[in-house]
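Engineer: Got chain A; can you put chain B on it based on the hints?
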Amino acid sequence: MNNAHGPCHGSGQRGGAPLRGLVVIGVVIASIICPYSVQAKPSGAYISALVAEARRRRLAFEVEWLRLGHYRSGTFGGYESEADGVGFFLAPNGKEDPEAELEATLRGFVQGDAPTPDERATGSAASATGPSLEHPFCRFPARRLWLTRELQIDWRRLTSRGCPKFDAFLRETRPASVTLVFSSYYLNNPASAFGHTFLRIKKSNSLGLEHQDLLDYGVDYSANVDTKNPLLYAFKGITGMFPGTFRRLPFYYKVREYNDYESRDIWEYELNLKPIELALMVAHIWEVGSTYFDYYYMGENCSYHVLSVLEVANPEVQLLTHLGWPVLPADTVKALYKNPGLVRRVSYRPSNRTAFEHRVRRLSSTERELVLTLASDPHAEFPPGLSEQEKARALDGALDLIDYRHVRELLKDEEGGSLESLTQQALLERRAELLVTSEDASVEPPYREMPHTGHDTARLGLGSGWSESDGAVHSLNLRLALHDLADPVRGYPETAQIEFLPMELWYRAEHPQLKLEELTLVRIFSLNPISAFEHRWSWTVRTGLGRIRDKGCMDCLVGGGELGAGYTFSLWDKALMFWLMPHAELDVPLKSGLADTLRVGLGGVGGVRLRLHDNLIGLASAKWHALPGQEPATVWEGSGTLRFQYAKDFAFEAAGKLGPDDASLLGRSLIYF
Amino acid sequence: MKLTHVALAGLFALSVSIPATAEEKYGTAGCGLGSIVIGNDPGIVQIFAVTTNATGIQTFGITSGTSNCDDTAGGQTSAKAFVETNRVALSKDMARGRGETIASLSQLAGCADAAAVGRSLQKNFKRVFPKAGVRSSQVGDSVITILRTDKALACSAVG
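These protein sequence lines map, in sequence, to chains A and B. Note that my numbering gives residue 664 to position 664 of the first sequence, counting from 1, and the numbers run on in steps of one. Note that my numbering gives residue 23 to position 23 of the second sequence, counting from 1, and the numbers run on in steps of one.
Any given hint could be a false lead.
Said to hold, decoys possible - Calculated pairs, DSSO-like style, for lysine-lysine (alpha carbon to alpha carbon, straight line, at most 27 Å):
{"no.": "1", "chain 1": "A", "residue 1": "K391", "chain 2": "B", "residue 2": "K131"}
{"no.": "2", "chain 1": "B", "residue 1": "K126", "chain 2": "A", "residue 2": "K391"}
{"no.": "3", "chain 1": "A", "residue 1": "K648", "chain 2": "A", "residue 2": "K334"}
{"no.": "4", "chain 1": "B", "residue 1": "K151", "chain 2": "B", "residue 2": "K126"}
{"no.": "5", "chain 1": "B", "residue 1": "K151", "chain 2": "A", "residue 2": "K412"}
{"no.": "6", "chain 1": "A", "residue 1": "K391", "chain 2": "B", "residue 2": "K151"}
{"no.": "7", "chain 1": "B", "residue 1": "K131", "chain 2": "A", "residue 2": "K412"}
{"no.": "8", "chain 1": "B", "residue 1": "K151", "chain 2": "B", "residue 2": "K123"}
Because the hints were derived from the structure by calculation, they are not lab data.
One chain only, chain A, in its complex shape (with noise of 0.2 Å):
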């Protein structure tokens, strides 16, 4: 039961609380659907003074309501909200000027007549802009649940009507919680290396049954993609063409998707807020789903916007101050931490490559060759001698490897009739025949790889050395993001090397001068140590511009690009790892003519990477390549690095390399930020 998925760290209060917490959220969410009447009143009045003392109190411009329209501070004064949906908006000036808008919710509200028989029925206005705009009563029940609250608004004196669908909505996610899902770095779809972030709300539970994630709500936020071109998908994309919307969608779907479908662990950060905190945000979901947002890549993004609705929760909590710029996945899960108290607790979810991992581990060697012979011949006669429960095993292994391996070409055989589809059907039958039931299947969440415990995303390194060719030099080294093989450990995959635009400069000192030693664009290393269950490729991938020292090209600046695929073995848990990649490099030095200095080098580049503990990390790595018809016939050059992580964000590390006509060596300070 609930095999998956274990309380990993925090103290949660689990006890008689959340019972509690389920009779007070049922009574605030009555108090923000149950009309108390849906009579037609004369209310002008009322609403008037209303509106009178929230002027007299700037309520507009308290964090609160400012946060529930999107408001932000705009460069030269003002505001301007970042929601870009018209209904979004009851006041025509409604995007910049909150105000204007909270009077005209207040007005809104009870805006029109009586509600209509059909209205009663669907809670909908006829006579809204749109024919699925729903009246403003019910369109905005987060900014009627706090204006009521800071106004004690009398809603005996108004006319309030009733809401269908947002009641449908709250009865069927029923809240008792939210938590920040981070589902993992996934480095074979450009589009989620960095992570993803969405929301899932947790159900109350039915008395007595036990709690089934699965059954939550998960609520994410994400572009509506509608171009096939490549180019103008960037474009749109950056300058933010697309328009962001949010949506909710059962756990279940999420759960198949990232953990099962693109193997990505999913880590969860469940959310210590009061149940009037957790209906106001619940609420606010509802009102940014009828909306939309420009989406744009870097900033206003994913991680982003799920953030902006947390926020809404609490005026004290900040979490969108603490982003930089661009937003990456990890950091948001970091803000959280920024607000003392405000995680009450981490949770882990295997992706089934993590499940298989675990699953084998606790085989015995006979089980684990059966495993592999299985998933080749899944009607492979059991040895003599096996006991029920040690074919279940050795089955249960076969049938998670068959599925991690081929999950896409499982789901896209639709007919049944490849080779995978018809293996996996004869070891699930014969699994069947067994009946007996599998032993709980549990995973250790792997701690070390808490995202929140990484180090920050941008980096900055200083530090001086010598070099053969340029004497001695002060260096300047700048990242924007995220991850390198040698940077610490912690919160991160061991496997993973992304790195956006790292730069560095070089000063020299005795003959002052300053250069560009490289200026990368994107530098990928995806590492899959092999073993008896894995075989898939490593690869490394690198784009931008570097510099070249040589008989070919003596301190030359390059622009170009390399690409390279191989294999990675690795002992010990990974702290030793080893890759060997056949390797292509392609080379255009930036102030000659193209053609006849087109530099092409094939080879090979090789490289060790040791995890001494888990602050102190030694790399080292070699290219050899041919240069087919060019000067010189063959380059080679090596490298190394031992990087100590002396506090959360600071590291030091030396650095040096060794070429047949160059050599440096430097220290340097590194500042993660």
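Structural biologist: Using the frame of chain A, we list chain B on its own:
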């Protein structure tokens, strides 16, 4: 300043999390995981491939998620949608006689005891999955039928 941002963005644009939503087009494809995931297939090629005829902005509110399969309230419809979407994971749990999908399904179907449901579905595995490639809607129907006809399970929500 804006221009620098655009320049910096370059490849990064393709890297930061931007899950593509591609709803409605899959409405006819049923509730299966495929209807969600194929549309958001890893690899930008597929992301582009599926998003040609995207619909306009949704103004109909947060509840409208996918193709009417967004309900976990319990009862026959939501139990069936659950079975179809969780088909692969459920098939393994059925063969194993236990698991998270069985516990969740039991709750949706209002069954008294998830362990008993697990044993029953394990025993009836071949009725639900007689061969590879059974249509998901058929899988859903078979599971519901078993839960309904095995009176010992007392699945009150699919009665």
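Engineer: Does each hint hold? Answer for all of them.
Structural biologist: Right, here's what the structure says about each hint:
A C-alpha spacing of about 22 Å is found between K391/A and K131/B, which places the hinted pair at or below 27 Å, so the restraint holds. About 19 Å separates the Cα atoms of K126/B and K391/A, which keeps this hinted pair within 27 Å; it holds. In summary, the hint linking K648/A to K334/A is supported, as the alpha carbons are separated by about 13 Å, within the 27 Å threshold. About 19 Å separates the Cα atoms of K151/B and K126/B, which keeps this hinted pair within 27 Å; it holds.
For a cut-off of 27 Å, the pair hint linking K151/B to K412/A is broken: about 36 Å separates their Cα positions. Using a Cα cut-off of 27 Å, the hinted pair K391/A and K151/B is violated, with the two alpha carbons roughly 31 Å apart. Restraint check: the Cα-Cα separation between K131/B and K412/A comes to about 16 Å, which is no more than 27 Å; the hinted pair holds. The hinted pair formed by K151/B and K123/B meets the criterion: a straight-line CA distance of about 15 Å does not exceed 27 Å.
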